[in-house]
Amino acid sequence: MEKEKTIDYANAKYYENRELSWLKFDHRVLSEARDKSIPLLERTKFVSITSSNLDEFFMVRVASLKDMVHAKYKKPDIAGLTATQQLEKINQATRELVEIQYSTYNRSLLPMLKAQGISVYDRMELLSEVQLQSAERYFDEVVYPVLTPMAVDASRPFPLIRNKTLNIAALIQKEEENVFATVQVPSVLPRLVPLPTEGENEYAFVLLEQLIMHNIGRLFSNYQVLCTSPYRIMRNADLPIDEDEASDLLKEIEKQLKKRQWGEVIRLEVDDDVDKELLSILKKELDTANEDVFKINGPLDLTFLMKLYGLEGKDELRYAPYQPQPVPELIGESNIFEAIKKGDILLHHPYQTFQPVVDFIRQAANDPDVLAIKQTLYRVSGNSPIIASLAQAAENGKQVTVLVELKARFDEENNIVWAKKLEKAGCHVIYGLVGLKTHSKIALVVRKEEDGIRRYVHLGTGNYNDSTAKLYTDCGIFTCSEAIGEDATAVFNMLSGYSEPLSWNHLVVAPIWLRNKFLKLIRRETRHALDGNEARIEAKMNSLCDQEIIAALYEASAAGVQIDLIVRGICCLKVGIPDVSENIRVRSIVGNFLEHSRIFYFYNNGNEEVYMGSADWMPRNLDRRVEIIFPVLDPKLQKKVRHILQVELEDNTKAHLLTAEGSYIKQDKRGKVLVNSQLQFCEEAVGAVPKAENQYKDRVFIPAEPINSEEQEEDE
Amino acid sequence: MGVTTFAAIYVGSYEVSLKVFEISGNKNIRTVDFIRTRVELGKDVFHGQPIGYELVDEICDVLLEFRRIMDGYRVDDYEAYSGPVLRNTSNCLFILDQIERRTGIRIKTVGNSEHRFLSYKCVASKPEFGRMISESAAVVNVGGGELQITLFVHGEVLTTQHLVLGTMRLAQLFADGNLRSDNIKQQMKELIDKEMEVFKAQYYQNRTIKYLILTGDYSLEVMRRMDKNLDDTTVDAGKFSSYLKRLEKKERAQIAEALNLSNDSDMLLLPSLILYRRIVETLAADAIWVPGIDISDGIVYDYALRHRYVKPVHDFDKDVISAAHSLSQRYMSYSPHIDALVEMSSLIYDAMKKVHGMGKRERLLLQTAAILHDCGKYVSFANAPQCAYDIILSSEIMGLSHRDRVIVASIVKYNTYPLDPYDEVSDVLDQEGYLIVAKCASILRVANAMDRSHKQKFKNVRAVLKGKQLILSIETADGMLLEKTMFDAKAGMFEDVFSIKPVVKEKKIYL
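Protein sequence lines correspond, in order, to chains A and B. Numbering of the first sequence is given in this note's numbering, commencing with residue 1 and proceeding in unit increments. Numbering of the second sequence is given in this note's numbering, commencing with residue 1 and proceeding in unit increments.
It is worth saying that the hints were derived from the structure and are not from the lab. Please read all numbers here as calculations on a predicted model, not as lab measurements. For each residue, glycine too, the CB sits at the ideal point set by N, CA and C. Where hints are given, some of them may not hold.
Unchecked claim - Taking lysine-lysine pairs in the PhoX-like style, the calculated list, with each CA pair at most 25 Å apart, reads:
1. B/K505 to B/K468
2. B/K245 to A/K520
3. A/K517 to B/K245
4. B/K311 to B/K360
5. A/K314 to A/K114
6. B/K249 to B/K318
7. A/K520 to B/K250
8. A/K520 to B/K318
9. A/K517 to B/K249
Unchecked claim - Here are the in silico distance ranges between beta carbons for each label pair:
10. B/E251 to A/P635: 34 to 44 Å
11. A/G80 to B/P50: 23 to 33 Å
12. A/E141 to B/L64: 29 to 39 Å
13. B/R131 to A/R523: 35 to 45 Å
14. A/G426 to B/Y53: 22 to 32 Å
15. B/Y53 to A/N516: 49 to 59 Å
16. A/G426 to B/D61: 50 to 60 Å
17. A/R670 to B/M226: 36 to 46 Å
18. A/E395 to B/Y53: 54 to 64 Å
19. A/L189 to B/Y53: 37 to 47 Å
20. B/D61 to A/E395: 24 to 34 Å
21. A/R642 to B/E251: 30 to 40 Å
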């Protein structure tokens, strides 16, 4: 008891700043790009991912910190840092990250790609005569018509430079007078301009901005071009302040920031040999401070590397595509409802196929016994079969209620398009709740069967997105348990604006009760430990940054609870602090698939409890979103879920361990049996399918487009 | 037999709800969906104002949405009720009409008596109920505007009282934001105690009650937090109230958390808990049973009963009779004469069946009137009929609707007073009710005349319809002079109503 008095678990020194922790995560992703055991194109993909991650990080997180600085908001964060201090540290850490990023690209990936017959030229001088001709023709026919060069002078003000676009700045001269000009690198054209090659199965590309710079004289024909340089800006994303830090302060900030500086430039990337005068004009016109200028040693915006990933004929440079396996319980079942009636079913994606979830909705849409389908949709794939089925169901006269979360970041536009489509088909579309994001993943099918109404529920940790389900590791459960069905009905009643049920059976629903529920569960373990009993917590999530939860974990650790956490991204918890977190171990798995499931295990003095759901231990998940956490009640399923945790805790290939110093290291594998959890789950999923069924053919998914949402900090 | 899907809509003082049920072949009633939405009608009504158009719009929107949901479930039938809150509104009729025009949903308004009776019926259908009332039990139903207590001793209704104390009403009364929360709790307690103590003083005397059967919002949630007694249904009353006491000390959000409620800002939560504790402590039962039943369960049960999906397990008519007996005793009017009168009037009623064409229900009303016909003398001998009329109208008799009570009271009144023409009573009675009153009152008059001396001078009465005459043959040892004299005077109305002349045939027996 004395200990508790002397240790303040909320002390800022026990916490890591979330932005810096996030940058460490991006480092871990980058380290995959440097892992020689990984196929080359996979490594290239990881560089691209770190780049798009960083962009979003700036737009959202850095932007919101800047807002706080402008608002003179002084309250320190969880780790005791003010916004200004954080920005300084982020700036430094970002520079380090970018440096490794480009040295990886320039020094290892580029030469290796070349050796494998894939050349990416960032200077026109490197092109052969034939290639140059082809490039010039491409410029004339395709590029030139879409360029809009703009010069700046007294009568033409500095144009609006759009967020995230790549541009070329030029200093041009006429009659001894220097004029600034800019032209946007058209985003409608591929960044990589293909060039003819001699060898078979060889590729060569030149970067589009190089081609334009090479021909810049033709855009300003009456001028002499003195110098050119590509540049790119990042603006404060056109969204309200990220509500994370800001529940109380949001209003405060809003008050102070009467005139919000929409779209303020928060980062300016330029080539590292940019002309001084050009840079100073850019800085002045874009109102950018010195510390926000990033001089880049290489092509700006490495997201184009994702294009290389899909190159044909280079299979040896990629992992063999994995085919999601059929779910054993559903093999040979033509009616999914009959199968669910036999017992709860666990789905583990992407090891197991997402198809049953699609079938669930599709069969419901055409089943004459089905009365209603209700579903929450957060991020959906562009051509979603689920959307099509929901629309079909409405046309078939079913009651279809769909909650569409319009506030899903960076997806707003996409969501509006198909939400309208659903409405047109006759679905009852609910556009989210005021002030809350609906992040829960739940689908309910109400069926009128002979013996009455029966409800089938799918609960998941991932979105109803058939594309990402092939890349994200997620879990889901099918059940027709009456208690959960009742809760599910109540969830949708609540989302439709009706009163909440007086109480819930099994589901734990944020924003109202989730935090308390978790705190209770953690504290229960603490009590067990204090009573001298075995106490254990194992939890897997994407991010851990809720101060109250972390403090409760510290307290639990101090009481002797053994805590193993698998946190892919941000982790504000520090391990190995004497008397505070000595019993806590944190690992992060960064692999080929994006770790995405949230699983929570509590030993509870032998009466083990397992929960899964949509929420991380982040303030935004616990307070400002509609999240659902559901218990895994069936002992068989519980065992399977526990197995997932155990294998991931044994992973010594893709897991990075958090050290007391705050760095992440890979384990020493000498003398150990190598465990790669993702690989093992793949094998297990294949093994679980009866032999005859192994012929199962699914479409092989090869991302043909950059998957922007992948590995994002904000992925949901 | 298949499954019937039924929906019950209820418009209450603070919320509008839709509960979808399945009534299945094996006589089970299962709740499928329960949708509630806040529409605080009580806010306007309890402050004496008519319901404003915004609220009407709100109700209509909700009801239209309910229609859609009912269609979704393909419900076979539905019924919509509203509680006293609508009935007590000055613009009730207009509102009901507007709702029906706009949504197609016809809402039945029920007075407090029917309202409470609906839920009570459902509670009474539970097997535990019979067991508990056969010892002694207080059935308490707490609503937004009022609460009702019915006391049972040895299976008989002792009284039913309806107190103007409801959760919404309390919340509204103390809605003034300037009051400190401690103060509010204290004042609420005092207000509740004042009412409850009077009830206790009048009906409890030295009685103890074994069971408290409690229904009302949040009561089930409290119950769930408690350990059950050995019988697996009730909880210990002492523990119940001390748990409530602990809860009351907390903030609303903490209470909500303790009870695992999803809405932590319900202003009705605290009034409910305070009310429950005061009830539990005042009524001082040993054990508490919370059947977790609301009005919608009552509506579906009533529907199932009427459509013979379920069989009645409790005799509600018996409740009415026993409640009438208690009432009669309370006004010191009970005597052997009453029993004789009940018997006699029932006899005539049954013999006249073909002529009067009334059913079982009216027979019950007649019996009730017979039991209560003399209670006015407690107040005034000269004005007894009018006083009896007033007493009956103001007394709660579980199982009788407001209209039923008007009929009973009128039968009693016209047992003595000459029957008023319909025009003069059309404000309280519809035509059908008026006819029932006229028929029953004339039967009661004849029956009463037979025992004018209250001495039960006759035995073995038989009533037979013969042509245009109702022959009442009686055996008597004493002189029936008074009775015979009175008889002719009292039989006039009988002739007017039925066109049949009652005739007494006396057979003297010698002891």
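Going down the list of hints, with the structure as the test:
1. B/K505 to B/K468: Holds, at roughly 15 Å.
2. B/K245 to A/K520: Cα-Cα ~23 Å, so holds.
3. A/K517 to B/K245: At roughly 24 Å apart (the allowed maximum being 25 Å), B/K245 and A/K517 satisfy the hint.
4. B/K311 to B/K360: holds, 17 Å
5. A/K314 to A/K114: Cα-Cα ~13 Å, so holds.
6. B/K249 to B/K318: violated, 43 Å
7. A/K520 to B/K250: holds, 18 Å
8. A/K520 to B/K318: Violated: A/K520 and B/K318 sit about 51 Å apart, past 25 Å.
9. A/K517 to B/K249: Roughly 22 Å between the alpha carbons, so the hint for A/K517 and B/K249 holds.
10. B/E251 to A/P635: 34 to 44 Å: For B/E251 and A/P635 the Cβ distance comes to about 39 Å; the hint holds.
11. A/G80 to B/P50: 23 to 33 Å: Because 59 Å falls outside the window, the suggested range is violated.
12. A/E141 to B/L64: 29 to 39 Å: violated, 60 Å
13. B/R131 to A/R523: 35 to 45 Å: Given range 35 to 45 Å: holds, Cβ gap about 41 Å.
14. A/G426 to B/Y53: 22 to 32 Å: holds, 31 Å
15. B/Y53 to A/N516: 49 to 59 Å: violated, 41 Å
16. A/G426 to B/D61: 50 to 60 Å: Violated - the Cβ-Cβ distance for A/G426 and B/D61, about 19 Å, lies outside 50 to 60 Å.
17. A/R670 to B/M226: 36 to 46 Å: violated, 59 Å
18. A/E395 to B/Y53: 54 to 64 Å: Because 37 Å falls outside the window, the suggested range is violated.
19. A/L189 to B/Y53: 37 to 47 Å: The hint (37 to 47 Å, Cβ to Cβ) is violated, given that A/L189 and B/Y53 are roughly 59 Å apart.
20. B/D61 to A/E395: 24 to 34 Å: Taking Cβ atoms as reference, B/D61 and A/E395 lie about 26 Å apart, which means the hint holds.
21. A/R642 to B/E251: 30 to 40 Å: Because 38 Å falls inside the window, the suggested range holds.
The structure does not agree with the numbered hints 6, 8, 11, 12, 15, 16, 17, 18 and 19 stated previously, though it agrees with the rest.
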